[in-house]
Amino acid sequence: MLGAFLKQYFDPIINLNLQVWENFATLGEVIEFPKETVLKESNSIERYLGFVLEGSGGNLLWDKNNFVCTDISFRNDAINDFISFTLQKASPIEVRLFEDSKIFRVSYQSFQRVFEKGNYGEEVSRLALESAYIEKQQQQIDLLTKTAKERYLEIIKKNGTDKHINLKYIASYLGITPQSLSRIRSELIL
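Counting along the sequence shown from 1, when you hit position 133 you're at 133 in full-length UniProt numbering, and nothing is skipped either side.
Among the clues, some could well be false.
For each label pair, taking beta carbons as the anchor points, the in silico distance ranges come out as [as the list claims (entries may be wrong)]:
#1 D63 <-> D142: 19 to 25 Å
#2 Q179 <-> Q19: 49 to 55 Å
#3 K168 <-> N76: 19 to 25 Å
#4 T26 <-> D100: 22 to 28 Å
#5 E54 <-> Q88: 39 to 45 Å
#6 P34 <-> D142: 28 to 34 Å
#7 Y133 <-> K158: 17 to 23 Å
#8 K64 <-> V38: 39 to 45 Å
#9 K157 <-> Q19: 17 to 23 Å
As a list, the in silico DSS-like pairs of lysine-lysine whose alpha-carbon atoms are at most 30 Å apart [said to hold, decoys possible]:
#10 K35 <-> K89
#11 K136 <-> K157
#12 K146 <-> K158
#13 K163 <-> K35
#14 K102 <-> K89
#15 K64 <-> K136
#16 K64 <-> K146
#17 K149 <-> K89
#18 K149 <-> K163
#19 K102 <-> K163
#20 K35 <-> K64
#21 K64 <-> K168
#22 K102 <-> K158
#23 K157 <-> K89
#24 K7 <-> K157
#25 K157 <-> K146
#26 K7 <-> K102
#27 K64 <-> K163
#28 K146 <-> K89
#29 K89 <-> K163
#30 K35 <-> K7
#31 K146 <-> K163
#32 K7 <-> K64
#33 K168 <-> K102
#34 K35 <-> K149
#35 K157 <-> K102
Rather than coming from a laboratory, the hints here were simulated on the basis of the structure. Built from N, CA and C at the ideal position, the CB exists for glycine as well.
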């Protein structure tokens with residue numbers, strides 16, 4: 001099951017045999033966490049590459065008097081501070097769960113074993129990095145060319161619901177106030 005999940009996640013990036021992903025799945029663990037769990041504190045080093053099996057979370061950055069949400073991870077998304085994980089250097093990003101979640105995670109040390117065995121590790125990492133860069137650049141383009149309402153509708157379309165997530169995180173991700181998000185949500189209910 002976990003191998004099939006990983007294959008489905010990575011197929012748009014690189015189509016590999018299911019056995020490759022079954023082998024990769026043996027390197028990690030599945031853990032259930034309560035909401036508001038901090039998976040990685042700010043100014044620390046990311047130790048895990050994670051995937052959301054159930055629940056949601058995101059990357060937060062402290063700015064002045066509150067957190068700004070720079071990324072949201074829903075079911076079937078990766079969740080981690082990818083730059084910190086890749087470089088093994090501290091960063092100001094905090095990775096937090098927004099609801100009770102089930103996470104599959106692989107430690108940095110276990111992930112490095114993929115490279116030692118030559119099981120497509122370098123190719124998968126390079127392609128995953130490219131994909132993450134493309135996704136982040138598209139997010140920046142959307143922020144400049146789409147309204148908050150359009151971006152919110154895309155989140156709902158992709159993920160089905162936002163009922164279990166504190167609206168302050170979604171509003172921050174969209175670059176609007178929670179009050180503006182409430183207005184958008186009330187318009188959509190009508």
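> Any of the earlier hints contradicted here, and which numbers?
Replying inline: 5, 8, 9, 17, 23, 28, 29 and 32
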